[in-house]
Amino acid sequence: MMVGCLMVMLLTGCQAATRQKMLSLVFDGATPTPPPPTRRLRRDLLREIETLQEQLRQAREESALAQQGPARAAEAQTPAAPARPIEQARTWDEAAKLLPSSDDMPDWVKAVSDGVIAPKPGLDPQAAREPVLPLDVELVPADDPTYAVLFRHEPHTAWLSCANCHPAIFQMKRGADTITMDKITEGKYCGVCHGKVAFSADACARCHQAMATP
Amino acid sequence: MSLKRFVLTLLLASLWAGCVVAADGDVVFKREGQEGTTPPAVFPHWIHRIRYRCYACHASLFEMKAGAVRITMDDIMAGKFCGVCHNGKTAWAVTFETCARCHKGQ
Numbered sequence: 042m043m044v045g046c047l048m049v050m051l052l053t054g055c056q057a058a059t060r061q062k063m064l065s066l067v068f069d070g071a072t073p074t075p076p077p078p079t080r081r082l083r084r085d086l087l088r089e090i091e092t093l094q095e096q097l098r099q100a101r102e103e104s105a106l107a108q109q110g111p112a113r114a115a116e117a118q119t120p121a122a123p124a125r126p127i128e129q130a131r132t133w134d135e136a137a138k139l140l141p142s143s144d145d146m147p148d149w150v151k152a153v154s155d156g157v158i159a160p161k162p163g164l165d166p167q168a169a170r171e172p173v174l175p176l177d178v179e180l181v182p183a184d185d186p187t188y189a190v191l192f193r194h195e196p197h198t199a200w201l202s203c204a205n206c207h208p209a210i211f212q213m214k215r216g217a218d219t220i221t222m223d224k225i226t227e228g229k230y231c232g233v234c235h236g237k238v239a240f241s242a243d244a245c246a247r248c249h250q251a252m253a254t255p
Numbered sequence: 654m655s656l657k658r659f660v661l662t663l664l665l666a667s668l669w670a671g672c673v674v675a676a677d678g679d680v681v682f683k684r685e686g687q688e689g690t691t692p693p694a695v696f697p698h699w700i701h702r703i704r705y706r707c708y709a710c711h712a713s714l715f716e717m718k719a720g721a722v723r724i725t726m727d728d729i730m731a732g733k734f735c736g737v738c739h740n741g742k743t744a745w746a747v748t749f750e751t752c753a754r755c756h757k758g759q
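Residue numbers (this note's numbering), protein chains in the order written: chain W, 42 to 255; chain D, 654 to 759.
Chain W on its own, in the form it takes in the complex (with noise of 0.2 Å):
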């Protein structure tokens, strides 16, 4: 049933108004109208065609899914929304505005759950996402157990591979590194990552489990 909307979506694409009226009728809080075409350059258009082709695919992808079973097509349906309004964003002020937040940053796992943003895992369209791994490594500092860390594989596997963090930043042997805060806000271990890229090392109760306030 998707598939077949998109492919008339992608037919009559290049008519704002009736792809807004195709999209609101399929989706919840489709996108707002786009500017009328005419002031659109040609490179716009070739975009939007583009992400339709892309949309056309991911609703492939999604409809062989939920064939398979119900549990792995739930799994694939993070990126709900089509034509994401987050990439129509012209600044980073406007998008930052349509993402969650926690500690006044935004919250980038939260933002992929919520399908907020749907991040490709490569250049290559028919890119695969690398593995997520389940696993949790409890980090516990030796004169402050209150302290405690427990590292969680599953969010940073959906975001980097196991080379981008193994062995150059950690090895992969439970408590082989002596990490400390102080190395953390000089930019090493988790630093090298928090405060940069990812959120900062303020934010202490989202890595410190018994510091968040009840």
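These are computed hints drawn from the structure, not numbers from a lab. One thing to keep in mind: the hints can contain errors.
Non-contacting residues of chain W with respect to chain D, defined by C-beta distances greater than 12 Å in every case (computed) [stated by the list, open to error]:
(1) Asp165
(2) Ala168
(3) Ala189
(4) Arg215
Label-pair distances were calculated between CB atoms; the ranges are [said to hold, decoys possible]:
(5) Pro175/W x Met730/D: 39 to 45 Å
(6) Asp184/W x Gln759/D: 39 to 45 Å
(7) Leu180/W x Gly741/D: 26 to 32 Å
(8) Pro175/W x Ala753/D: 42 to 48 Å
(9) Glu716/D x Glu135/W: 27 to 33 Å
(10) Thr132/W x Gln759/D: 18 to 24 Å
(11) Ala731/D x Pro166/W: 19 to 25 Å
(12) Ala168/W x Thr725/D: 39 to 45 Å
(13) Val722/D x Asp165/W: 32 to 38 Å
(14) Ala712/D x Pro175/W: 22 to 28 Å
(15) Ala169/W x Val722/D: 33 to 39 Å
(16) Ser143/W x Ala721/D: 27 to 33 Å
(17) Val178/W x Ala712/D: 21 to 27 Å
(18) Met730/D x Glu179/W: 48 to 54 Å
Lysine to any residue pairs mimicking SDA-like chemistry, simulated, CA-CA at most 25 Å apart [unchecked claim]:
(19) Lys237/W x Asp134/W
(20) Lys757/D x Gln129/W
(21) Lys683/D x Gln759/D
(22) Lys237/W x Phe192/W
(23) Lys224/W x Ala209/W
(24) Lys237/W x Asp155/W
(25) Lys237/W x Ala694/D
(26) Lys229/W x Phe715/D
(27) Lys161/W x Gly736/D
(28) Lys214/W x Glu716/D
(29) Lys718/D x Phe749/D
(30) Lys229/W x Glu716/D
(31) Lys161/W x Ala746/D
(32) Lys742/D x Thr690/D
(33) Lys224/W x Cys206/W
(34) Lys161/W x Ile700/D
(35) Lys229/W x Tyr705/D
(36) Lys151/W x Ala183/W
(37) Lys224/W x Ala168/W
(38) Lys237/W x Phe696/D
(39) Lys718/D x Lys138/W
(40) Lys237/W x Lys742/D
For every residue, glycine included, the Cβ atom is placed at its ideal position computed from N, Cα and C.
Given chain W's structure and the hints, the job is docking chain D onto it.
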């Protein structure tokens, strides 16, 4: 180490970082030798994170270390580094209108 000292270090670190980093998550490229008139390029991580997972770029296109590799415009025009995508197909191309979109550093 006392918590107070730690918080102080953090404060100082963020003040210092504020001078170097353009915005959260950005990488400001440092260019040694021939600074010239073109300001350094700034790579906005967060804009790219909206569309790509880390492993789309790391480590096949870029190291996870600022300044690990020297990037030149010749490389980019030849379809390497930023030029893998900024080619008019995956993302907007390098033209005289777009220099300033990347070259935002001071």
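Open item on the list: So, against the hints stated earlier in the document, which numbers end up violated here?
Closed with: 1, 2, 7, 12, 13, 15, 29, 32, 36, 37, 39, 40
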